[in-house]
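*Asks:* Keeping their order, the protein sequence lines are chains A and B.
Just add 296 to the spot in the first sequence (first one is 1) and you have our numbering.
Just add 1208 to the spot in the second sequence (first one is 1) and you have our numbering.
Keep in mind that the hints were calculated from the coordinates and are not lab data.
Treat the hints with care, since some could be wrong.
Unchecked claim - Only pairs whose alpha carbons sit at most 20 Å apart, straight line, appear in this in silico SDA-like list of lysine to any residue:
1. A:K698 with A:R755
2. B:K1499 with B:L1532
3. A:K768 with B:G1248
4. A:K785 with B:Y1414
5. B:K1582 with B:R1563
6. A:K789 with A:S802
7. A:K783 with B:E1530
8. A:K402 with A:V449
9. A:K768 with B:H1482
10. A:K768 with B:E1440
11. A:K777 with B:G1248
12. A:K786 with A:R776
13. A:K741 with B:I1586
14. A:K786 with B:E1530
15. A:K779 with B:G1248
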Amino acid sequence: MDFSYEVSRALASCEGVLLLIDAAQGVEAQTLANLYAAMEHDLEIIPVINKIDLPSADIDRVKEEIEIDLGLDSDTALLCSAKEGTGIDAVFEAIVQRIPPPANHKDQPLRALIFDAHYDSFRGTIVSCRVFEGCIRPGDTLRLMNNRARYKVEEVGLFRLAREPKDALCAGEVGYVISGIKRVSDTRVGATITLEDDPAPEPLPGFRDIKPVVFASIYPIASDDYPSLADALEKYTLNDAALTYQKDSSAALGLGFRCGFLGLLHLEIVQERLEREYDQSIVMTSPTVEYRFLLTDGQEVRVDNPLYYPDPVTIEKGFEPYIRASILLPERYMGVVMELCLERRGLNARFNYPTMGRVEIRFDMPLGEVIYDFYDRLKTVTQGYGSFDYDLLDYRESDLVKLDILLNGERVDPLSQIVHRDGARARALRACKRLKEEIPRHLFKIAVQGAIGGTIIARSTIPPFRKDVTAKCYGGDITRKRKLLEKQKKGKKRMKMVGEVSIPQSAFVAVLKSENE
Amino acid sequence: MNNTAIERQESTPAPGNPSSPNAGLYVHVPFCRKKCPYCGFFSVPSPTLIRPWIDALLNEIPRYRSWPGRFDTLYFGGGTPSLLDIQALETIMLCLRAHFSFSLDTEITLEANPGDLTTETIEGLRRLGINRISLGVQSFDPRALAFLGRTHTVSDAETAIRRLNDAGFENLAIDLMYGFREQSLQDWQETLQRALSFEPAHLSCYQLTVEPHTRFWKRVHTGRLLPLDEDETRTCFLTTSRLLEAHGYLHYEISSFARDERCCARHNWKYWTHAPYLGLGPAAHSFLSGKRWWNVRSVRRYIHELNAGAPPVAASETLSEEQLALEAMALGMRTSRGVSLHTIGPGQAMTHLSRFIDEGFLKITRGRVLPTRKGFLIADYLPTCLTA
Chain A
297 MDFSYEVSRA LASCEGVLLL IDAAQGVEAQ TLANLYAAME HDLEIIPVIN
347 KIDLPSADID RVKEEIEIDL GLDSDTALLC SAKEGTGIDA VFEAIVQRIP
397 PPANHKDQPL RALIFDAHYD SFRGTIVSCR VFEGCIRPGD TLRLMNNRAR
447 YKVEEVGLFR LAREPKDALC AGEVGYVISG IKRVSDTRVG ATITLEDDPA
497 PEPLPGFRDI KPVVFASIYP IASDDYPSLA DALEKYTLND AALTYQKDSS
547 AALGLGFRCG FLGLLHLEIV QERLEREYDQ SIVMTSPTVE YRFLLTDGQE
597 VRVDNPLYYP DPVTIEKGFE PYIRASILLP ERYMGVVMEL CLERRGLNAR
647 FNYPTMGRVE IRFDMPLGEV IYDFYDRLKT VTQGYGSFDY DLLDYRESDL
697 VKLDILLNGE RVDPLSQIVH RDGARARALR ACKRLKEEIP RHLFKIAVQG
747 AIGGTIIARS TIPPFRKDVT AKCYGGDITR KRKLLEKQKK GKKRMKMVGE
797 VSIPQSAFVA VLKSENE
Chain B
1209 MNNTAIERQE STPAPGNPSS PNAGLYVHVP FCRKKCPYCG FFSVPSPTLI
1259 RPWIDALLNE IPRYRSWPGR FDTLYFGGGT PSLLDIQALE TIMLCLRAHF
1309 SFSLDTEITL EANPGDLTTE TIEGLRRLGI NRISLGVQSF DPRALAFLGR
1359 THTVSDAETA IRRLNDAGFE NLAIDLMYGF REQSLQDWQE TLQRALSFEP
1409 AHLSCYQLTV EPHTRFWKRV HTGRLLPLDE DETRTCFLTT SRLLEAHGYL
1459 HYEISSFARD ERCCARHNWK YWTHAPYLGL GPAAHSFLSG KRWWNVRSVR
1509 RYIHELNAGA PPVAASETLS EEQLALEAMA LGMRTSRGVS LHTIGPGQAM
1559 THLSRFIDEG FLKITRGRVL PTRKGFLIAD YLPTCLTA
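The following block holds chain A by itself, in its conformation from the complex (with noise of 0.2 Å):
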């Protein structure tokens, strides 16, 4: 689901597909979502068995589920191993002979879609994109039917193992075109691209539009950080325009970014990404769904914030989420699936016997339940056989309340989740755990708390530690205990005070994951 759209831009980039299967796992729930999305394009579609060397692959079984499971004739599916190089020429031999070769509308007016783009500090923005119709050269103008924004095409080339320039890119090849555009933020993935001078008088269909359907703030550590992590936000957005972010504050942790992300997949990437490449210390909040209330004054309001969250005496309704989970799962373990999914208020359980001893279990689910550690727990409870996949489906009115977080009675908000109200209380009762397992000992007692309103429905108390020195501390000891001190100073910088408490980065995100079992 949360890279559905690199897939959907790709699908419509291309005449054909392969269509991997991992010859150990068999078909999982994303193959079928992509075989969907392929045949929706109308392309030929080529099964590849990959991983044929490993020693638990089963290629009779994998080949039975691709008849079964996929309808597709399996005598065409063919075998390879990427890693030792085997059946790889057949595999180019079926791309040559089986995908067609792209239409050939070289005379007609320019139409390119453009399906990546990313930034090089020499040459400015390159431009990724599959020209469908015509031709684009070198000193061509060319225009963005989206904007109307004129470039003059300054080179266009395919990607070789490095960028090969050409005379011209034409109908049916996929390469690249630079024309001195500054900011990446100018051109938009799944925009057409014509011609200025013999224009093309519609665009390409383009891609569905995307959205973030998953919110979480990020803030920097240390205050003084936030221009830094502006910039680098910044940048990322350049390869990355499927994350959104707009300023937000807090009470508790200051400025700081509120983002949108495709899914919790796409979070845990960005996070490590501005952690590891870009050298950001940072929290990142619990991330949360955007729920919709309907308000007693007729306004309808929409809250991808706990922060934003309307006062409960003015809710007249509250919406949230929800997705259709499709789930394909070895039968044995259908118990502890099915009751992983009500427990998350599944719904509406609808059942496939797709092949022997395997089911397809599909649930209408809502949205804030997945990404409180359900792909966690799936993967737990079906000892990793389960594969999962999600659709979004519509917004359902709910009961939904607020739960905030008090440490030591102060209210934190970037702790607040909204959350139905049935399972609200197991909820706290999971966030106080965690949170007292996460935060270091103080020297004061620290009780953590979980309250809906002014009502307290959870708590946990982290005693204080009484005792911290070593019994001797002579010529030779000193320097090993400035370096453990100096390390420990480090660690705390990597703290957020909340008031008289510090809590680690790890807290954060903490009170959402499950337990370690």
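Knowing the structure of chain A, use the given hints to seat chain B on it.
*Replies:* Just chain B, lined up with the frame of chain A:
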């Protein structure tokens, strides 16, 4: 000479006064008959290496002949310095006196095992000018001694103390250990009472710390030794401090108690106040003008380097202002001298300071921030809060 030496201390600046220009000299004697299961100090049970080690030490000493200034402490630590015979100690002392300048009232300490102190040895030590003995008694309870793997008996310790008193060793320091299950709080108090009955000038009471690479460490990690919990060790610590202070002793450092001001370990104060010190022998650390260096942690390599005419130094570091400040804070918080108020870091540190004062961990006296008895218990936690 010893008695007069000690009386003269009265007129010298208080130990640890940073304005004192004098340095401390440490000689590490890295030999033991047998490693104790709790001890993390560097030593080897290889008596055959003693001779070559002495030769190497005699080579190391002249390397520092241009050391700036005088020494007013000399400390033979270990290992087990009392393993050395008087002849060996004399050779070393002569060499030290030949290359270094000592103040008249130099405090000369030797760490000794109770079993090693015959009347003749004691007389020999006295003649060499050694005026302070740090005696590794550890406990007056045979069960505790057995647990700690000590080879001496309670009566060995008592005999040694009596002999030292008889020989006129005024300045006697007794080392004791507590904080393990095999010793009840009651047992510990009895050991303290026995120690007090000798009215030693100095008492070091060490809470058992399980050091890496020791047999106790291995036993803890294989579940065969269960350390005392935090609240129990805390009670032991507080009881010790209260009891000894009630008997007039000064609790002047986490583990150190002095019968009066003059009895504070002048040598150890050097470590705690960034005074200069020179360490000789394997694994010994030195500090001078913001630079610290330490010798190789191997007797063979120490000997090899010096025989090859090379310095036996393993590594060195030059401390930045910030590092010096952090160390000064960490060391200061371990002593009753505390730190000067103006060294408390800006911003957050001040908020922490007032909280620590409110909660009775620290107090301010004459421009200095001092840890209270309760504050000693969190001395390792305080520095990161109080520096910028």
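*Asks:* If a hint holds in the structure, say so; if it doesn't, say that too.
*Replies:* For each hint, the structure was consulted:
1. A threshold of 20 Å between alpha carbons decides the hint, and for K698 of chain A with R755 of chain A the separation of about 16 Å falls inside it, so the pair holds.
2. The suggested pairing of K1499 of chain B with L1532 of chain B holds, with an alpha-carbon distance near 10 Å, which does not exceed 20 Å.
3. Annotation: proposed proximity of K768 of chain A to G1248 of chain B holds, straight-line Cα distance about 11 Å (limit 20 Å).
4. Our distance criterion of 20 Å between C-alpha atoms is broken by K785 of chain A and Y1414 of chain B, whose separation comes to about 27 Å.
5. A C-alpha spacing of about 14 Å is found between K1582 of chain B and R1563 of chain B, which places the hinted pair at or below 20 Å, so the restraint holds.
6. Restraint check: the Cα-Cα separation between K789 of chain A and S802 of chain A comes to about 14 Å, which is no more than 20 Å; the hinted pair holds.
7. Taken as a hint, the K783 of chain A and E1530 of chain B pair is honoured in the structure, with Cα atoms around 14 Å apart against an allowance of 20 Å.
8. For the suggested pair K402 of chain A and V449 of chain A, the alpha carbons sit about 18 Å apart, so the restraint of at most 20 Å is met.
9. This hinted pair checks out: K768 of chain A and H1482 of chain B have alpha carbons roughly 16 Å apart, not beyond 20 Å.
10. Between K768 of chain A and E1440 of chain B the CA atoms are separated by roughly 19 Å; this keeps the pair inside 20 Å, and the hint holds.
11. Taking the CA atoms of K777 of chain A and G1248 of chain B, the gap is near 15 Å; set against the 20 Å cutoff, the hint holds.
12. Taken as a hint, the K786 of chain A and R776 of chain A pair is honoured in the structure, with Cα atoms around 15 Å apart against an allowance of 20 Å.
13. A C-alpha spacing of about 15 Å is found between K741 of chain A and I1586 of chain B, which places the hinted pair at or below 20 Å, so the restraint holds.
14. A distance of roughly 14 Å separates the Cα atoms of K786 of chain A and E1530 of chain B; the hinted pair therefore holds under the 20 Å criterion.
15. Between the alpha carbons of K779 of chain A and G1248 of chain B the distance comes to roughly 18 Å, so the proposed pair stays at or under 20 Å and holds.
Hint compliance for this structure: hint 4 alone is broken.
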